Amino acid sequence: DTGVSQNPRHKITKRGQNVTFRCDPISEHNRLYWYRQTLGQGPEFLTYFQNEAQLEKSRLLSDRFSAERPKGSFSTLEIQRTEQGDSAMYLCASGPIMNTEAFFGQGTRLTVV
Amino acid sequence: AQSVTQLDSHVSVSEGTPVLLRCNYSSSYSPSLFWYVQHPNKGLQLLLKYTSAATLVKGINGFEAEFKKSETSFHLTKPSAHMSDAAEYFCVVSARSPETGKLIFGQGTTLQVKP
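Just so you know, the protein sequences line up as chains A and B, in that order. The numbering of the first sequence is my numbering, which starts it at 889 and goes up by one. The numbering of the second sequence is my numbering, which starts it at 53 and goes up by one.
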């Protein structure tokens, strides 16, 4: 197993465009998280899946953001009508059971110009 | 609700001297606590974890942390700093509750190691 994989690693997009990121968790992990990290800050929680069910979504997440995990395996995070404030590192993590550590991917760095 | 406060945004030590990174937490449930490290342009790596077993937890690269419930603290220590320890360190809390499994990160402490 090669760990949590995120694609793409970098994305530059024009303001107003839609973007989609993919996360492949460690196989057999039933928990999957999305976080956002901006420069000099700790990662901020966005949303959390247990298998295919989205159990929690941050109030920070506007309606332009949507995440899916259709078969309880990989997940996608879509941002519609991107804004410059969306520029950040988007991190995905997975974990095997409730309330143990999570393993993070390398992240997708989004730049909105 | 859970929260975590890292008491120092920046810590500077000399190589070979002890490291202390301070973390206080708040949790409505019995917490799990973690320290993660992030080197420049690298992913987050787990250093160590506390999940209700021994209160003194040993991690990788010589780091350890002690869970003190009475002080709601989980400070990270290392007896002797190496240059390679220079990085950003995050204290993380998770509630051991069936309703939520999310990890809440502190703001981070930048560790500088001087030769």
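Hint data in this document are derived by calculation from the structure and do not stem from the laboratory. Please note that a few of the clues may not be correct.
[Claimed, not checked] Under the rule of at most 20 Å between Cα atoms (straight-line distance), these lysine to aspartate or glutamate pairs were calculated in the EDC-like manner: (1) B/Lys94 - A/Asp912; (2) B/Lys154 - A/Asp912; (3) B/Lys154 - A/Glu940; (4) B/Lys110 - B/Asp137; (5) A/Lys959 - A/Asp912; (6) B/Lys101 - B/Glu123; (7) B/Lys154 - A/Glu932; (8) A/Lys945 - A/Glu956; (9) A/Lys899 - A/Glu989; (10) B/Lys101 - A/Asp912; (11) A/Lys945 - A/Glu932; (12) B/Lys101 - A/Asp951; (13) B/Lys154 - A/Glu971; (14) B/Lys94 - A/Glu932; (15) B/Lys120 - B/Asp60; (16) B/Lys101 - A/Glu989; (17) B/Lys94 - A/Glu989; (18) B/Lys101 - B/Glu116; (19) A/Lys899 - A/Asp974; (20) B/Lys110 - A/Glu989; (21) B/Lys154 - A/Glu944.
Here the structure is a predicted model, which is why all the values come from computation and not from measurement.
Hint by hint, work out which the structure violates, then give me just those numbers in ascending order.
-> Hint check: 9, 10, 12, 13 fail, others pass.
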